[in-house]
Structures are given as structure tokens and as C-alpha cells.
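Asks: Letter by letter, the chains look like this.
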Amino acid sequence: MSRINSPAELESFRKEILSQRDPDKPCITLCSGSACLATGSGKVFAALEQEIEKQGITAEVSFRTTGCHGFCEQGPIVVIYPQGICYLKVQPEDIAEIISATIKEQKIVERLLYVDPNTGEKSSLEEDIPFYKHQQRLVLGANRKIDPKSLEDYLAVEGYQALAKTLFEMTPEQVVGEVKDAKLRGRGGAGFPSGVKWDFARNAPGDQKYVVVNCDEGDPGAYMDRSVMEGNPFAVLEGLMIGAYAIGANEGYVYVRQEYPLAVSNLAIAIEKAEKYGLLGKDILGSGFDFTVKVHRGAGAFICGEETSLLNSLEGKPGEPNARPPFPATKGLWGKPTNINNVETWANIPLVINKGADFFSAIGTENSKGTKIFSLVGKVNNTGLVEVPMGASLRDIIFKIGGGVPDGKQFKAVQTGGPSGGCLPENLLDTKVDFDELTKAGAMMGSGGMIVMDEDTCLVDIARYFLEFLSDESCGKCTPCREGIRQMLKILTNMTNGLGQEGDIELLQELAETTKGSSMCALGKTAPNPVLSTLKHFRHEYEAHINHQKCPALACKELIAFYIDPDKCKGCGACLRKCPADAITGEKKKIHVVDQGKCTRCKGCFEACPAAFDAVRILSGEPVPVAVPEEV
Amino acid sequence: MSEISLQVDGKQVTVEEGMTILQAARSVGVAIPTLCDHEKLAPYGACRLCTVEADAHGRTNLIAACQHPVEKDLVIRTRTEQLDRIRKVLLEQMLAHAPDSEQIVALAQIYGADPNRFEKDANFCILCGLCVRYCAEIKQKHAVGFFDRGAKREINFIPEIAVRECWDCKECFPLCPTSALQAAYVLTEALMSPPEPVAKGCGGCGG
Ligand SMILES: Cc1cc2nc3c(=O)[nH]c(=O)nc-3n(C[C@H](O)[C@H](O)[C@H](O)COP(=O)(O)O)c2cc1C
Ligand code: SF4
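So the protein sequences, as listed, match chains A and B.
When we follow the numbering used here, the leftmost residue of the first sequence carries the number 1299, and every step to the right adds one.
When we follow the numbering used here, the leftmost residue of the second sequence carries the number 353, and every step to the right adds one.
Any given hint could turn out to be false.
For lysine-lysine, the following DSBU-like pairs were computed, each having C-alpha atoms within a straight-line distance of at most 30 Å [what the hints assert, rightly or not]:
hint : chain 1 : residue 1 : chain 2 : residue 2
1    : B       : Lys440    : A       : Lys1834
2    : B       : Lys522    : A       : Lys1615
3    : A       : Lys1848   : B       : Lys491
4    : A       : Lys1901   : A       : Lys1866
5    : B       : Lys440    : A       : Lys1615
6    : A       : Lys1629   : B       : Lys472
7    : A       : Lys1634   : B       : Lys493
8    : B       : Lys522    : A       : Lys1629
9    : B       : Lys504    : A       : Lys1855
10   : B       : Lys392    : A       : Lys1788
11   : B       : Lys522    : A       : Lys1634
12   : A       : Lys1629   : B       : Lys440
13   : A       : Lys1341   : A       : Lys1478
14   : B       : Lys491    : A       : Lys1629
15   : B       : Lys493    : A       : Lys1814
16   : B       : Lys522    : A       : Lys1823
17   : B       : Lys491    : A       : Lys1788
18   : A       : Lys1592   : A       : Lys1580
19   : A       : Lys1823   : B       : Lys440
20   : A       : Lys1855   : B       : Lys424
21   : B       : Lys424    : A       : Lys1814
22   : A       : Lys1634   : B       : Lys424
No lab work stands behind these hints, which were simulated from the structure alone.
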């Protein structure tokens, strides 16, 4: 097949692809996102290829590598169609058995199935695994069906249907109208209505306009944009072209962070293939619409994700924000009207056009429509990418999908919204994921980071951690951001070291007001959030640190002491052998004692003491009793 | 260019489109404190002392007067309790770096800023960027620039350029509200100065 010159040719090509695919023929898929490649997906791939050949079934089975399935801690993941049998943590050694049992004899390899840690129940189908069962994967769903390097695969799942529809059946105004009616809001952080933004760029005077994909994704721990870009680059490109047509742009840029080589290479392949078929370039599908796209690799600074910094960086200038107004929609890249959206926002566009604004706006809440992908990490049983309809509760995400907190620990807080997001406590777990609800609760949607924390997490230390990140990542241009973060970080560091003083909380609030109120860009304006939200919901922890030099979570090293309870110690010596600092003295059958001066608080003794004795205690905010090494 | 009407501290102001709020305020004699502003340089927005309160489109926001263009029917307040608190903290943050800067000390008195609120920092520079911008925008030499980001941001002379350009210029020195600039230059000069010129004629070769 060469160039596709019309919607009719597109449809006949699609039919041809589908006709060559027998839906009943066994198909083995293997996920090959960055995370699974890191856990050995490449070797599994080689083993699969070899084994298919060795067992002589090349003709009876098809085989493809796909993008990320999102359940990355369980990867590499193999799914066998048409049944959808799902094997987790597959290693090369497992391949021979999978082929001889499942492909040849329709038998399930029990040991590779998902086992629910809470109930012990096994699931053989991907959609029965609780992690997936409660998700609605409108954007991520195609990741497991298609090979990101195959345009044919994308066409097989309705790819480019939305583009053909916009170019031939809709005016640019109608496209903008559809996106407005869908009430799609930007997924990159601020949640600005995408259709309204497109309209600004569309109405801005100028012949030359640009569209840009923001794939900078600097939030530590978040990787939804990477997975979408790696797993389904065609969808992002299709969305981008629809946006370009709507606002009147013929050139686009994809700004990808340097650390995402697979996203860059899959995107480059997608661009090359789309060009070959005439789905990029001049006179796309014979419509007269021209569009070209360039990929730019960003240097990986967090602030470069902010739109004006990103555009400066694209122009080869230092990646620092500009004041807005002027907004990029009127004066963006090289001073021309520019529309910039996040990866996930662009990937939603084909869906909005294909299914229509009514379908899209029926999902979600009053003011937040569609689904949102979260990167669920931290102290939660199932970590990974989670796509849920807006309006799902934090509780459902963490407990139903995430499977709750591991090791029988208590849930303490969930942090949403990236480094300048907020921490919400247990009593706000019924908060819905919705742009406005999360903000009201003191957190934010951000780009979809979600970190679960258990009882062992100190919230003062968490605030300190995020401020440290922001202190390194602020561009440093304006005083309230650079100096405000510096001073807040000093105070928090002092608190976690037991040097907190009366008045510190009030000073933090005063600094926060200044940084929030007078910083130039959203990094500074939101930087105090980690402090303000933890102060709002966990003020008692701050007070304990300041007034009693006590860390209630027993996490701040400078505020805790390890103490061996003389009534419980059996003199077994387990702790003494474990201590790397020679801080424990004791003899067999005699009570052991920790030398506080030598102790580095590594927690080794606490973990070494046999559970039956449970003699090591962690103390905070109280004097360590003097123990005598007498006989037990 | 069309004219735009707005209100600053209760005064009606009409100025040309494209002007900043700071310029509009000054045109009717309303003083807004600034440190990084300079009439010859493009607005920069680093010190944020010029933050004012603005009512527009039914919402109240804090904005930097030096960067924000005038808009029709804006209502601006240049002094409120909150703005005074913000300016006080900003000045205190700067005093931690430059406790002897005359300009900052004078403003500190107006806003009641305590010079000892925050621990003194070894670096005198408040990163207003006047030198960097003057050298780039007016002299077009780029002999001094910003390095690093966040809390580590600093200004430095680029020795290769400084050694060529600065000795006969030094026009940026009087712009600096602190004594940091001169110190940075002296340091660069010390690092860059060529070794003492060797006495004319070399005994060894007779040249
Ligand atoms: C400090 C900072 C970092 C940001 N990082 C990102 C990012 O990594 N990806 C992104 O899409 N948007 C990021 N944003 C938001 C962008 O400025 C911009 O709002 C977004 O790209 C617009 O796209 P949307 O409307 O589709 O959300 C960041 C904003 C700030 C202030
Ligand atoms: S708020 Fe922070 S990151 Fe934004 S421009 Fe100011 S210093 Fe730079």
C-alpha cells in the first residue's frame, strides 16, 4: 500500500487490514514499554520468537509487542487472545510452557496468573484482575491492543477515522465547538478548557500558527504521558493534527524530555510511517490540508514543562517562564499564535471526535469530563497507571484498584498533583477526582501523580522533600519563589532535625502567602501547597516536632532513638550482630543496650529483633531510659 | 494606537495601549516600589515588589505592575494590607543577602521590614538582573550572565568576554543595588588577569 489519497481509500485499506486478521486466531502480545523492557521484556521477546519457530506454529499464531499496560510492577505482561488470558512477571524460561500449554492445548499456566494478595483468588483474564476491573481505559486501552510501531495496528482500532471526519465533514469552527461541548479540560495541570483555548489561538490574528505537544512530564514518579507517547504515538499525532486543522496551523512540535528515548523513537517511527501513507505532509488524505511535525528533545528541567518556558526552550533560549499575558495563544512560539496541550489532552481528541461531545461529556462530573490517568505509587499494593472516570473517589482508586496499603499498615495520606500538590488525610478519602473538588480539598489534579503514604510517613518530612525538589527546580528568577522556597525549606529542615522554634508555623504561613501571591509563574504560585496542605490536615505533627522534638511517625532520624526494652530482651544477640555501627553492647542471656552516641538510627536492630520478643522500641520526644546490662 | 482607561488607587488614568500598569501609575504620580525595573530595559519581573491588586473580569488577582499591560476598565490598588505584608517579606528575604543596600534599607523602613528576620546569606546578590540585562540589551556584550537555577542561581562574568570588554565599560556597576556586582567582577578579574607583564626584553635570548 502506498499513499492514501481519500477517506474512501483509507476505509478500504482498513478493511483490507481487518480482513487479513482472523479474530479467532491465537495472538500473543507482550508489553514492551520502558518499565517492562527494564524488567526483561526484551529477552522474553527473543524467547517467544524462538519458541514459536521451534514448536513449528509460526502460521497458527500471531505475535506482537505492545505499549505499556500500566501494571508495571507485574511486568513483563503477556496476554493471549482471543480469550485475553493474562500472565504476569513472565520470564524467558516460562515461554515454552506457555506455548505448549496455552496455545497448543488451551490450558492455563496457573503459576503465572495474578493472585489477589488479600483473598488469594486467581484471575486468568486481564479484565478480571481488580487492578483493571475498576478502571475505564478510554485513552490507555489501545496500548495493549496495538504495536506502537505499526500504523496498520492503529488503523485496525479505528485510527485516523477522526481525522478523516474532521477534514471532510467538519469545519474548523465545528471541531472547536465539539471540543468545547465535550468540556474537555487540559490534562497537563491547570485544567483549562481545551476548546476555549483552541478558540483563542484560532481567533488570534496571524497566518503562521503552531500546535505543540507538551511531553516534558517532570513530576517525579509520574509516567502516564510517557506510556501514552510510547504505546500509542499515532493517537497523539492524530489529535494534534485535528487541533492544527481547527486553529489553522500547519506546523507542530512535540517537546519530549530527554529521558524518554523510547517515546522519541516510537514517535519518530510513527511520523515516518504516517508520512509514507500521506497521513502527514502535503494534502493529507487529498483534503488540501498540509501538516508537518518536528520532535524536540528537552533537557529535562522540571520548569521546562511550564508552557512559556517550554516555548523559550524550543526557540533555543534559556528555559525560563515569561509573564502571561501575552498568552501563547496570541504570542507563542516565535511570537506566533500557538496552542500547547498535554500529551493526554491530545490523545483524548480522536475519542471526542469519533464518539462525539455527548458521549464524552456523559462521563465524569459536572465540571470535569472524561477519564483521567493517574500514576499510582507509594505505599499501595498495586502500583501502576490507573485510568478512571472523573468523579471516581480516592478511596476507590487506592483501595479497590490499588488494593490498599501493604503489610497491614494504616493509610495516612494521599498526595496528588505532583510536587506542588497537596496531601489529603483519611477523612477526605471520599473526595472525588475532579479538578475543582481536589483543589477545594487542598490538593490538586496536577498532571495525575498520586502517592499513597502509610502510618510510617512523616508529613513534615514530606513537605520538606517536595520543597527541596522545588528549590532545585525553580528557575530562580523571582524573589518570592527562589527565596521563599529557600526559607521555607530551611524551617522545615530545622523542624525535622529537632530545631523547630515557636513561631515557625506562623512564619511558614507568612512566607507561603508571599510566594503564592507574588511569584511569576505557577511553579512559585503553587510551591507552598505541600506546606499549606500538610499544615491544614496534619498541624499536630508540626506542633509535635516543634514543641516536643517528637516525630509522631517515628520517621525523622534526628528525633528518634532505638531502645531495647529490658523486660522483653532475651539476650539473643540478633540485634548486636546486625548493628553496623557497633552501637549495641551485650552478652548472651544478658540485656542488650544501645549506645545512643554511636547509633546511626538505621533501624537494623528493630528489624533484627525476633517478632516473638519484639524488644526494640523506637522512642521520640521522650528521654531514653537508662538500661543496665543485667541477666535476663 | 488606541487609548485605554483604567483606575489606579481611585484615580482615573488614560494611557496608550501597550503600556504597563507601572507606567500608567507613574503617569499620575502613584509610586509603586521597584528594584529590578529600569527605564532603558525591558520589563523583567524578578523582584516582585511591584505586585499590585487588580480587579478584572469579576476576579481579583495579584499581578506584577512592571510586566502587566494595561487593560480596559482594570481597577488597580497599589497598597493594601496584604500587599504591604508581601512587600515586607520580600524585602526581608533580600535583606538576608544585601543588608547594607541603601535602596533596600530605605524601602524596608517604609514597609517595616526586619533586617534580621532571616539568617544572613553569604551571597550579596539579589538577582535583580540589572547588570545582566544592561550588558545584553544595551551593550550587547553578554559579559555577565545567570548560571544554574533555583536556590543555586547566581550571576557570573564570563571571563573570556569580561577580560576584553569590561575594563573600559563598567557601566553596570552603578546599576547594582548591592555591592555584589563589583565583588563578582573583581573576582573574575583576579582569575583572568594575565600574569605580571614580563620586563621588556628577555635576558636569555636577547629578544
Ligand atoms: C512548573 C510547571 C511544570 C509543568 N509541567 C508540565 C508538564 O510536564 N507537562 C504538561 O503537559 N504540562 C505541564 N505544565 C502545565 C503547562 O504549563 C500547560 O498548562 C499545559 O501544557 C497545557 O496543556 P493542557 O491544557 O493540555 O493541560 C507545567 C506547569 C508548571 C507551572
Ligand atoms: S515563580 Fe519560580 S519558577 Fe516561576 S518564574 Fe519565578 S522563580 Fe522562576
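Asks: Decide, hint by hint, whether the structure agrees.
Replies: Verification of the hints:
no. : hint                  : result
1   : B/Lys440 x A/Lys1834  : holds, 24 Å
2   : B/Lys522 x A/Lys1615  : holds, 26 Å
3   : A/Lys1848 x B/Lys491  : violated, 57 Å
4   : A/Lys1901 x A/Lys1866 : holds, 18 Å
5   : B/Lys440 x A/Lys1615  : violated, 33 Å
6   : A/Lys1629 x B/Lys472  : violated, 41 Å
7   : A/Lys1634 x B/Lys493  : holds, 28 Å
8   : B/Lys522 x A/Lys1629  : violated, 35 Å
9   : B/Lys504 x A/Lys1855  : holds, 26 Å
10  : B/Lys392 x A/Lys1788  : violated, 37 Å
11  : B/Lys522 x A/Lys1634  : violated, 37 Å
12  : A/Lys1629 x B/Lys440  : violated, 34 Å
13  : A/Lys1341 x A/Lys1478 : violated, 46 Å
14  : B/Lys491 x A/Lys1629  : holds, 27 Å
15  : B/Lys493 x A/Lys1814  : violated, 35 Å
16  : B/Lys522 x A/Lys1823  : violated, 36 Å
17  : B/Lys491 x A/Lys1788  : violated, 39 Å
18  : A/Lys1592 x A/Lys1580 : holds, 15 Å
19  : A/Lys1823 x B/Lys440  : holds, 18 Å
20  : A/Lys1855 x B/Lys424  : violated, 56 Å
21  : B/Lys424 x A/Lys1814  : holds, 26 Å
22  : A/Lys1634 x B/Lys424  : holds, 24 Å
Of the numbered hints given earlier, the model fails hints 3, 5, 6, 8, 10, 11, 12, 13, 15, 16, 17, 20; all others are met.
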